[in-house]
Amino acid sequence: MPSCKRIFAASLLLIGLGYGLHILFTPSQPLRFDQQVYIWQRVWTAEHNEALKRSRPLFSTLRILGMQFHPQEGIRHFTVNTSLIKQDGRPVWLVARLDGQLTRFNNQQVIQHIQQTLREWQKAGVTLAGVEIDYDAPTAKLPEYMTLLSALHQTLPANIKLSVTALPTWLKSPHLARLLRIADSSVLQVHNVLSPEKGLLDASLAQRWVKQYARQTTHPFFIALPAYGSALTSDNRVESEAPLYVAEEMRELSVSPQTIADFIQYLEQQPPRGLQGLVWFRLPLAGDRRAWSLTTLEAVIQHQPLTPRWSLIIAQHADEQLFDLAIKNNGEIDAPLPKQIILPNADCLFADGASHYQVQSGPSSLNFVRGSARQLRAGESSPLGWARCNQRLQGEFNVTP
Numbered sequence: 234m235p236s237c238k239r240i241f242a243a244s245l246l247l248i249g250l251g252y253g254l255h256i257l258f259t260p261s262q263p264l265r266f267d268q269q270v271y272i273w274q275r276v277w278t279a280e281h282n283e284a285l286k287r288s289r290p291l292f293s294t295l296r297i298l299g300m301q302f303h304p305q306e307g308i309r310h311f312t313v314n315t316s317l318i319k320q321d322g323r324p325v326w327l328v329a330r331l332d333g334q335l336t337r338f339n340n341q342q343v344i345q346h347i348q349q350t351l352r353e354w355q356k357a358g359v360t361l362a363g364v365e366i367d368y369d370a371p372t373a374k375l376p377e378y379m380t381l382l383s384a385l386h387q388t389l390p391a392n393i394k395l396s397v398t399a400l401p402t403w404l405k406s407p408h409l410a411r412l413l414r415i416a417d418s419s420v421l422q423v424h425n426v427l428s429p430e431k432g433l434l435d436a437s438l439a440q441r442w443v444k445q446y447a448r449q450t451t452h453p454f455f456i457a458l459p460a461y462g463s464a465l466t467s468d469n470r471v472e473s474e475a476p477l478y479v480a481e482e483m484r485e486l487s488v489s490p491q492t493i494a495d496f497i498q499y500l501e502q503q504p505p506r507g508l509q510g511l512v513w514f515r516l517p518l519a520g521d522r523r524a525w526s527l528t529t530l531e532a533v534i535q536h537q538p539l540t541p542r543w544s545l546i547i548a549q550h551a552d553e554q555l556f557d558l559a560i561k562n563n564g565e566i567d568a569p570l571p572k573q574i575i576l577p578n579a580d581c582l583f584a585d586g587a588s589h590y591q592v593q594s595g596p597s598s599l600n601f602v603r604g605s606a607r608q609l610r611a612g613e614s615s616p617l618g619w620a621r622c623n624q625r626l627q628g629e630f631n632v633t634p
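Numbering (our numbering), first residue to last: 234 to 634.
In case anyone wonders, no lab produced these hints; they're calculated from the structure. Treat the hints with caution; some may be incorrect.
25 Å max Cα-Cα, derived DSS-like pairs, lysine-lysine [unchecked claim]:
#1 K319 <-> K394
#2 K319 <-> K356
#3 K394 <-> K374
#4 K356 <-> K374
#5 K356 <-> K286
#6 K405 <-> K356
#7 K444 <-> K405
These numbers were taken from a predicted model, which means no experiment stands behind them.
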């Protein structure tokens, strides 16, 4: 009879073989990244309280704009609600923005202001993780920028890390790898405006940039992703924070949630070496009409379906032939207003569009055509126009996205 030792050894062999086959034939699960968020508003309001509460399940870390160095405006310290941040308890990165228009800056002055804010936030009980420098430096200025980073890093205590925001335009610089070695980590910004047609993110370009960047850095890095819209002014300036009514004559730029979701799926299936997570720009507030709603952001992060659902709202006046019409977003995500909405069986005498729509009426239909683009948040509605009709309008309608 075989000895107990042989039986035990054979059992171990079979277990090991079975485990190996299980690993071999079980589909690998895609990587899920750490999710962080920028808080970029210059003015803190009561809306931050609700936004922070609702965002807790989504984001592990907050990256908060605390100061800006600007050639015209000078040095601005933003009044952050540190008591609210202390209560929130999540790790915080202090972000110091150096405007890209700066032709020169005083390293010692920059460091002193950063140190001052660090002391104030620490005294207020904020859980500080590090300092992030956000400088859209021209590639030619990277050597000068490296001098600042080296000097700043030497002044930081061991528990306060240094990060930098990196631009794709730096990828061709011979100084980039050395710059990234100075910082403990970095954030690659892949959203920008190359053309109005491409919007805020060209996914194929972003994939290429991430691959190139991963070869340049030996330290952990994150990718900054857009969760907002911008506008292109007549003189080609990009405006991301002005209220919509200020930018009515501007050309709206955005990125669809599906485009971002597809890009994240690509990263999860083919994770670049060193990529630790994603940083979203920016924390959605209820009154921030250019930012995605938190429900949209959550749907993208949680890999939920991103299909919009539309309903038609018909309100009849006391004059039974007069109707007001609106389109409502009944889905879970923000979505661009449909390009065209047709009511196929509408016997109407007169009609006119409202807000973002114009009317092109046929003999037995109402056709509302979008004149200007706008994102409609989940659960909200937008006017289409009015119509005077011979009979009550029915709810049947067709949508062209």
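Against the structure, the hints:
1. K319 <-> K394: 19 Å, holds
2. K319 <-> K356: Given that 25 Å is the threshold and the Cα spacing comes to 10 Å, the pair holds.
3. K394 <-> K374: 23 Å, holds
4. K356 <-> K374: Judged against 25 Å, a Cα distance of about 35 Å means the pair is violated.
5. K356 <-> K286: Roughly 23 Å separates the two Cα atoms, so the pair holds.
6. K405 <-> K356: This hinted pair is violated, its Cα atoms lying about 42 Å apart.
7. K444 <-> K405: The hint holds at about 13 Å.
In summary, the numbered hints that this structure violates are 4 and 6.
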